[in-house]
Amino acid sequence: MIKSIKGIAAAYGISIGPAYKLGKEDFIIPEEGIAEEDVPLQIELLTDSLIKTRQEIKELQKKISAEMENGEAEIFDAHLLVLEDRVFVGEVISRLKKERVNVAFIFSQVLKKYIEVLSGIEDKYLKERISDINDVGKRILRHLLNKSHPAVFDSNEKVIIVAHDLSPSDTAAMHKKNVIAFVTDIGGKTSHTAIMAKALEIPAVVGTEEATLKIDSGDTLIVDGNSGLVIVNPDENTLRAYQDEEKRLRGVAETFLSVKDLPAETSDGHRVEIDANIEFPEEVSSVMFHGAEGIGLYRTEFFYMNRNDLPSEDEHYEVYEYLAESIRPQQATIRTMDLGGDKFISQLEIPKEIGSFLGWRAIRFCLNRPDIFKVQLRAILRASVHGNLRLMYPMISGIEELRQANKILEESKKELRTRGIAFDENIKVGVMIEVPSAATTADILAKEADFFSIGTNDLIQYSLAVDRTNEKVAHLYHPAHPAVLRMIKNITDAAHKAGITAGMCGEMAGEPNFAIMLLGLGLDEFSMPAQLIPQIKYIIRAVGFGEAQAVADGAMKLSTCKEVEKFVQSEFRRIIKQKKCDLHSIYAGAATASAGSWPFTPQADTHRREGSEH
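For the sequence shown, the working numbering puts the final residue at 598, and the numbers step up evenly by one.
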C-alpha cells in the first residue's frame, strides 16, 4: 500500500531505495546502593569511562576529517565540550558521595535533568543540540555498564536509513557509498542529521514524527529532499516519474555548476555579489567550490555552545585569523554573537526568560555586558590584519544601539593600541536589519553604518507577529507578504541614497522563487548556504536588470501573498521562455514533473558523490 509521509526538507535531492530501519537504544539502569568504601571505585569508573569516551570521539573526529572536505568533523567539538563540563561531572560525583548509589544510575539521572532543561529552552538551535548530550551520554553509559556499542549500520547494499533520530556519530559510522538518504522522526533544518546529510551529499527528510511507525525495513522508499516528502512502496507510475526526475536533477545540477566561477552579472551588465553563510570556518572549501565571492554571514554562536565557561580572546582570534587567511582576498563578514541570557546556562547564572525571541539577546546582551562583548570585538580587530574582514551587529533596533555598540568598539580599538597590537583601522561595520523599527528607520541608520544585511528570518516573524517554529501559526509566515516587500525596498533605497550597500543573509536570499524580484528590489549582495549559489547565480545571469526591476515594481503593487507568489512565478516563466538558455527547459520540466517543486533547488554536489548509482 502506498503511503506518503510529510516532513521537513533538510537536504536536497531525490533518492530511491530500500529502507533500513534503526531501533532506539534504551538503557535500563536499576538503582543499587553501594558501601561508602566503594565510592572511590565508582568515581574511578566514571573517570575511566570519560577517558574512553573522549578517545572514541577523537577517533571518530579523525575519521570524519579524513573522509570529508568541509570541516564537518567540527561537529564533534560540541561532544568533547560536554565531556569537559565540570558542572555536569561535579554534580554526578557530588550526588554519588551523598546518595551512595551506583554511578551509572546517578549519571543517568543527571543526564536526564540536563536534557529536560535544554528541552524547555525556546531556542530552536539549542533544542537540536540535545542530540549532542544524548550521544555523549549514551557513550559514557555504555562504558559505565560495560556494554558494547550496537551495530548502527551494516549493509552491503545501498539503503535509506530510517530512525527516530540520528546522532553525529551514528551518521559518521555509516559508509557514505551505501547510505543514499536519511529519514527521521525528529529534527529540523539545523539538526545534525541535516548537517551530515549535506556533508555526505545525500537527501534527508526530518521531523516526520511518524516515519518509524509507518516504515518497515525492506520497504521501497522515495525520499524527496526538495519538498520534504517520503513515499512508501510507490506504484510503478510514481516510481518511474521520480526516476525520471532524479535523472533530470543530476543534469540540472551540472548545468548550474557550469556558471559557478562566473560573475553574478545580469544579461545587461548589472553586477551583484553572491556570498555564503557559514557556521564553521572549515566550510570555506565548500564555499569556494560553489563559486561564492565571499562570506556574507559567519555565525559565531558555536563558541558559546555546550560549555560552562566563556571563550577567551585568543580562542576567538585563532578562529577569525584562520577564516581571514582561508578566504582572502575575498571578504568575510563576522556577525557578533546573537545569543541571549538563557543560552549561557551555568557560567553567567542568568535566569531563563519568557519569550526569548523578544528578550535579552544579541546586541542587547552585548551592550549590557561590554566585558564579554569586548573580548569578541578585540579578537575580530586583531584578526582583521590577516585578511579582508568586516563585522556587523545583530538585532539593532535603532540608532542609539548602533552608537552604543560603536562606542564599545572604539574602546576596544583603544585597548589594542595601548597593547601595541595592530588591526585594520578602517574595518567596515555594518548593521543586520531584522527588526521592523530598524527597517523603517533605515535612512537614519544608513548615515552611520558602512553596510546593511537584511536578516529576513527574524524580520518576517517580527513584522507578521508569527513564531515560525510554532506549527499552529507557521502557515502565516510569508516572505512574499506585501509588508515584507515594502520593508526590503525601503532598506535598499535608504542604503543606496546614503552610498552604502544592502545585502540579504536570511533564507529568502537563497530562494529561487524570489531571486529575480529581490534583484529588482535593489539588493547588492545575496548570501546563502553554499550549495544554493550556482542556481541563484545562473538565474541572475539569465535575466536583465531592467526586467527584474519590472517584476519588483509589479509585485509591489499587489495586495496579498498569494498574488505576489503567483505573479512572480508567472513573470519568471514568461522571462525565461524568451531567453535562449537552458533555464526554460529546466523549469518547464520542474513545473510539469510529478516530483519536486517549482522552482526547485537540486543538490549541486550530486556529481561529486563517489560510487553513486542513483
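Any given hint might turn out to be false.
What the hints assert, rightly or not - Calculated cross-link-like contacts (lysine-lysine; reagent style DSS-like; alpha-carbon spacing at most 25 Å):
#	residue 1	residue 2
1	K142	K5
2	K473	K431
3	K36	K5
4	K231	K(-13)
5	K82	K46
6	K81	K122
7	K36	K81
8	K(-10)	K46
9	K244	K561
10	K5	K122
11	K481	K412
12	K198	K5
13	K550	K(-10)
14	K397	K473
15	K5	K131
16	K431	K397
17	K541	K561
18	K473	K546
19	K36	K142
20	K36	K131
21	K122	K82
22	K231	K244
23	K541	K481
24	K412	K397
25	K96	K36
26	K5	K(-13)
27	K97	K81
28	K561	K550
29	K5	K(-10)
30	K(-13)	K42
31	K36	K122
32	K36	K(-10)
33	K96	K81
34	K142	K(-13)
Calculated directly from the structure, the hints in this document are not laboratory data.
Do the hints match the structure? See the list:
Our distance criterion of 25 Å between C-alpha atoms is met by K142 and K5, whose separation comes to about 13 Å. Restraint check for K473 and K431: the C-alpha separation of about 17 Å stays at or below 25 Å, so the hint holds. The hinted pair formed by K36 and K5 fails the criterion: a straight-line CA distance of about 28 Å is larger than 25 Å. Of the pairs offered as hints, the one joining K231 and K(-13) holds, with about 23 Å between alpha carbons and a cut-off of 25 Å not exceeded.
A C-alpha spacing of about 39 Å is found between K82 and K46, which places the hinted pair above 25 Å, so the restraint is violated. Proposed proximity of K81 and K122 is supported: the alpha carbons are some 23 Å apart, at most 25 Å. For the hint pairing K36 with K81, the CA-to-CA distance comes to about 23 Å; that is within 25 Å, so the pair holds. With a C-alpha separation of about 35 Å, the suggested pair K(-10) and K46 falls outside the 25 Å cut-off, and the hint is violated.
The suggested pairing of K244 with K561 holds, with an alpha-carbon distance near 22 Å, which does not exceed 25 Å. A distance of roughly 20 Å separates the Cα atoms of K5 and K122; the hinted pair therefore holds under the 25 Å criterion. Under the criterion of a C-alpha separation no larger than 25 Å, the hint pairing K481 with K412 is consistent with the structure, at around 18 Å. Between K198 and K5, the direct Cα distance comes to roughly 11 Å. Compliance with the 25 Å bound is thereby established for this hinted pair.
A C-alpha spacing of about 24 Å is found between K550 and K(-10), which places the hinted pair at or below 25 Å, so the restraint holds. Taken as a hint, the K397 and K473 pair is broken in the structure, with Cα atoms around 34 Å apart against an allowance of 25 Å. Distance hint between K5 and K131 is fulfilled; the C-alpha atoms sit about 22 Å from each other, no more than 25 Å. Straight-line distance between C-alpha atoms of K431 and K397 comes to about 21 Å, which keeps the hinted pair within the 25 Å bound.
Of the supplied pair hints, the one linking K541 and K561 holds, its CA atoms being roughly 24 Å apart against a limit of 25 Å. With a C-alpha separation of about 19 Å, the suggested pairing of K473 with K546 holds against the 25 Å cut-off. Pair hint K36 plus K142 does not hold up; C-alpha atoms about 32 Å apart against a cutoff of 25 Å. Straight-line distance between C-alpha atoms of K36 and K131 comes to about 13 Å, which keeps the hinted pair within the 25 Å bound.
As the CA atoms of K122 and K82 are separated by approximately 24 Å, the hinted pair is consistent with the 25 Å bound. Distance check on the hinted pair: K231 and K244 sit about 21 Å apart at the alpha-carbon level, within 25 Å; holds. Under the criterion of a C-alpha separation no larger than 25 Å, the hint pairing K541 with K481 is consistent with the structure, at around 22 Å. For the hint pairing K412 with K397, the CA-to-CA distance comes to about 13 Å; that is within 25 Å, so the pair holds.
Note on K96 and K36: the hinted pairing holds, with a Cα-Cα distance of about 21 Å set against a maximum of 25 Å. Between the alpha carbons of K5 and K(-13) the distance comes to roughly 16 Å, so the proposed pair stays at or under 25 Å and holds. Taking the CA atoms of K97 and K81, the gap is near 18 Å; set against the 25 Å cutoff, the hint holds. For the suggested pair K561 and K550, the alpha carbons sit about 17 Å apart, so the restraint of at most 25 Å is met.
For the given pair, K5 sits about 18 Å from K(-10) by alpha-carbon distance, which is consistent with the 25 Å threshold. Between K(-13) and K42, the direct Cα distance comes to roughly 41 Å. Violation of the 25 Å bound is thereby established for this hinted pair. Only pairs whose Cα atoms come within 25 Å are accepted, and K36 paired with K122 is accepted, the gap being roughly 13 Å. A distance of roughly 40 Å separates the Cα atoms of K36 and K(-10); the hinted pair therefore is violated under the 25 Å criterion.
Only pairs whose Cα atoms come within 25 Å are accepted, and K96 paired with K81 is accepted, the gap being roughly 19 Å. Pair hint K142 plus K(-13) holds up; C-alpha atoms about 21 Å apart against a cutoff of 25 Å.
Violated hints, listed in ascending order, are 3, 5, 8, 14, 19, 30, 32; each of the other numbered hints is respected by the structure.
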